[in-house]
Amino acid sequence: MLDARVRPLIDPPLNWLGRALARRGWTADRVTLAGLALGLIAALVVALGAPEWALIPLLASRLMDGLDGAVARATSKTDFGGYLDIWCDFVFYGAVPFGFAILDPDNAIAAAFLLLAFYVNGASFLGLAIMAEKRGLATTAQGQKSLYYSAGLLEGTETIVFFVLLCLFPAHFAALAWVFGALCLLTAVARVANARHQLT
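Take 0 as the starting number for the sequence shown in numbering that gives the first Met the number 0 and just add one per residue.
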C-alpha cells in the first residue's frame, strides 16, 4: 500500500548509491546475496536472544535489498538477478519469524500462522506475476521491477515496519504476528479477486 508513495522518496538516493557501488565493481547479484546474508544474521541474532540488536543487520539487509535494483539499473538488469532478488526476499521473510519461534517456543503457533499467511500471500503474488508475464501486462507503480508487482494492502514497506516492531517489542510477537498474518491473508484474497478481474 505504501510502496508507491515511498518510491519517489527513496529511489533518488538509492540510485546514487547504486551508481557508486557499480563504479567500485559491485554487481547486483552480489548486493542481493549480501542483503540475504545480513537478513539471516538478523534472524540468528533474534534466535540467540537479542532481537533489539537484530535491528542493525535487519535494516542493513533491507537497504541492500533496495540497492541491488539500483546497481542493476546502473549496470545491466538480468532475469536471473530479478529471480534471485525475489527468492532472497522470501528466504528473509521466513527466517525472521522462525528466529522468533526459536527465541521463545510460546511464539511457535503465532509464527506458524504468520508463515502460513506469508506462503498464501506469496503464492497470490507470484502466481499473478506469472500470468501477467504471459499476457504481457506491466506496471511501474512500485518502481521498475523484474516481474509484475501487484499492489496490495501489505507490501515491502509495511513488512519492514512490521519486522522493526517485532524487534522493538519482542514480548508482543504473538499479538503482532496474528494481526499482521490476518492482514496478509486479506491482501492475498484481494490479489486473487484482482487476478480474477484481470485474467478472465
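It should be emphasised that the hints constitute simulated quantities derived from the structure, not laboratory data. Note that CB positions come from ideal geometry on N, CA and C, so glycine has one too. Heads up, a few of these hints could be off.
Stated by the list, open to error - Below, a list of computed lysine to any residue pairs in the SDA-like style, where the Cα atoms sit at most 25 Å apart:
id : residue 1 : residue 2
1  : Lys76     : Leu32
2  : Lys133    : Leu54
3  : Lys76     : Ile108
4  : Lys76     : Val119
5  : Lys133    : Asn193
6  : Lys133    : Leu83
To be verified - Between beta-carbon pairs, the in silico distance windows are:
id : residue 1 : residue 2 : range
7  : Trp52     : Ile9      : 34 to 44 Å
8  : Leu198    : Phe89     : 33 to 43 Å
9  : Tyr82     : Leu167    : 25 to 35 Å
10 : Val90     : Val163    : 11 to 21 Å
11 : Trp15     : Trp177    : 23 to 33 Å
12 : Leu115    : Gly48     : 38 to 48 Å
13 : Val178    : Ser75     : 39 to 49 Å
14 : Leu152    : Ala36     : 23 to 33 Å
15 : Ala174    : Leu58     : 14 to 24 Å
16 : Ala111    : Val191    : 39 to 49 Å
17 : Trp177    : Arg22     : 20 to 30 Å
18 : Arg195    : Leu115    : 15 to 25 Å
Going down the list of hints, with the structure as the test:
no., hint, result
1, Lys76 to Leu32, "holds (16 Å)"
2, Lys133 to Leu54, "violated (39 Å)"
3, Lys76 to Ile108, "violated (40 Å)"
4, Lys76 to Val119, "violated (28 Å)"
5, Lys133 to Asn193, "holds (16 Å)"
6, Lys133 to Leu83, "holds (20 Å)"
7, Trp52 to Ile9: 34 to 44 Å, "violated (25 Å)"
8, Leu198 to Phe89: 33 to 43 Å, "violated (23 Å)"
9, Tyr82 to Leu167: 25 to 35 Å, "holds (33 Å)"
10, Val90 to Val163: 11 to 21 Å, "holds (19 Å)"
11, Trp15 to Trp177: 23 to 33 Å, "violated (40 Å)"
12, Leu115 to Gly48: 38 to 48 Å, "violated (25 Å)"
13, Val178 to Ser75: 39 to 49 Å, "holds (41 Å)"
14, Leu152 to Ala36: 23 to 33 Å, "holds (30 Å)"
15, Ala174 to Leu58: 14 to 24 Å, "holds (23 Å)"
16, Ala111 to Val191: 39 to 49 Å, "violated (22 Å)"
17, Trp177 to Arg22: 20 to 30 Å, "violated (46 Å)"
18, Arg195 to Leu115: 15 to 25 Å, "holds (22 Å)"
Checked against the numbered hints given earlier, the structure breaks hints 2, 3, 4, 7, 8, 11, 12, 16 and 17 and satisfies all the rest.
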